[in-house]
Amino acid sequence: MIDGLLSRRVVLRAALAGAAAAVVRAGSAQPGEPRVIEMVARRFVYEPNEIELKAGVRVIIAIKSLDFVHGMNIPDLHQRLDLVPGKITRLELQPQAPGEIEFVCDNFCGDGHETMHGRFVVRA
Amino acid sequence: MDRRHFLNLAAVGGGAVFASGLAGCAGAQGTAKADSNDFYFVQLSDVHWGYEGPANPDARVTLRKAVATVNALPTQPEFIVFTGDLTHTTDDPAERRRRLAEFKRIVADLEVKTVRFMPGEHDASLDRGAAFQEFFGDTHYTFDHKGVHFIVLDNVSDPGARIGEEQLAWLQADLDKLEKKAPIVVLTHRPLFDLAPKWDWATRDGAQAVALLMPHENVTVFYGHIHQEHHQMTGHIAHHSAKSLIFALPAPGSQPNRTPLPWDAGAPYKGLGFREIEAEDAGRTFSVTELPVVRA
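Residue numbers (this note's numbering), protein chains in the order written: chain A, 1 to 124; chain B, 1 to 296.
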């Protein structure tokens, strides 16, 4: 039941993206190499914490952690990463349908860990 | 005794059942059959000593008031458990120890002296449990009380919320010594099942612990972490989370973020509290009574 509720939220909340959130938009599908979108993880934020993607378009999220082995758990995709400082962690995504895909730090990183989350907003 | 409105948490016939019921104090009102092995204990959780913020402007005294309320219970529990997040996290190791020491001094005023502690991620994740162990000893252990086997699992000393292979092997070895019908209570901080992974309300390898427990017929889990009462079954295993003593959190998945529910000045301590847990039927069923921080 909980999963069902969250799945509905994924769709419904796509139109409710917070105005304060930093947004990166992925471009149209390109031939050849996928577009690379850079992201920084640091206590207690992802920058940007909201990234627009286009359904069916493959992208690479290149994540650099500055200060901690933050986690990046994407439950809807059954995927998680450890973001080790000093290296770039690459996440390949090709979302298939419009909606919202949330991610959260799942390595406890201190007083503010609970605020460390973000989302991919997938447009048609 | 003044325990009433028990929530019967027994799994009936393998189904996921929480049958509400009125069970007066066994013996005192003559409505329930008393068993010499029946007992009750108190669970307190998520104290977050050291927290300062608008979600609880009364944070400096809330724990002391809860201690006084426990001490005023008409019948004292046989023991007390704290299911983690004794302190609010800090990057400063000295401050962490100061908070643990203050917490320990305050709860030393509990009249019941058999108190079991376990860490939450706020206590243990930033130093892998080092400071906690200095004050309270092992982060995972077992004890027995009137035929019930209690297992304390540590799913927080690893910042990635893993129990870990070593502790899982220890759990397996402990369970191997028990009869399949033995009453077992697991005490831990995080939910062992995926309650809300998007809110980090899970244990990464919790499913492995549940799988080890599954062959045992009488298993009940009491935990904290989510700052609210919650009841869920995984097969025949019941999982019950406790309220906090610092601030309440929203229902799982009910809003985008897991921000604390605002303090209600008109109803201080709303959503906070602790619970009595009554073991019945030789520890095969449990009844819970939720109590507020301050009783009228």
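Treat the hints with care, since some could be wrong.
As the list claims (entries may be wrong) - Not the full set, but computed from the structure, chain A residues with beta-carbon under 10 angstroms of chain B: (1) VAL69; (2) GLY71; (3) ASP76; (4) ASP82; (5) GLY86; (6) GLU92; (7) GLN94; (8) CYS105; (9) PHE108; (10) CYS109; (11) ARG119.
Derived from the structure by calculation, the hints contain no laboratory data.
By construction, the Cβ of each residue, glycine as well, lies at the ideal position given by its N, Cα and C atoms.
Status of each hint after checking the structure:
The beta carbon of VAL69/A is positioned within 10 angstroms of a beta carbon in chain B (closest approach about 8 angstroms), and the interface hint is therefore held. For the restraint placing GLY71/A at the interface with chain B, the shortest Cβ-Cβ distance is roughly 7 angstroms, inside the 10 angstroms limit, so the hint holds. The restraint placing ASP76/A at the interface with chain B holds, with a minimum CB-CB distance near 8 angstroms, inside the 10 angstroms limit. Interface restraint check for ASP82/A: the shortest CB-CB distance to chain B comes to about 8 angstroms, inside 10 angstroms, so the restraint holds.
Taking 10 angstroms as the C-beta contact cut-off toward chain B, the hint placing GLY86/A at the interface is violated, the least distance being around 18 angstroms. A hinted interface residue such as GLU92/A counts as satisfied when its beta carbon comes closer than 10 angstroms to some beta carbon of chain B; here the least separation is about 21 angstroms, so the hint is violated. With a cut of 10 angstroms, the hint placing GLN94/A at the interface with chain B is violated, because the nearest CB-to-CB distance is about 21 angstroms. Checking CYS105/A against chain B: minimum C-beta separation of about 7 angstroms stays under 10 angstroms; hint holds.
Below 10 angstroms, beta-carbon pairs count as interface contacts, and PHE108/A has one with chain B at about 4 angstroms; its hint therefore holds. A least Cβ separation of about 7 angstroms between CYS109/A and chain B falls short of the 10 angstroms threshold, and the interface hint therefore holds. Look at ARG119/A: its Cβ gets to within about 9 angstroms of chain B, closer than 10 angstroms, so that hint holds up.
Hints 5, 6 and 7 from the list above are not met by this structure, while the remaining hints are.
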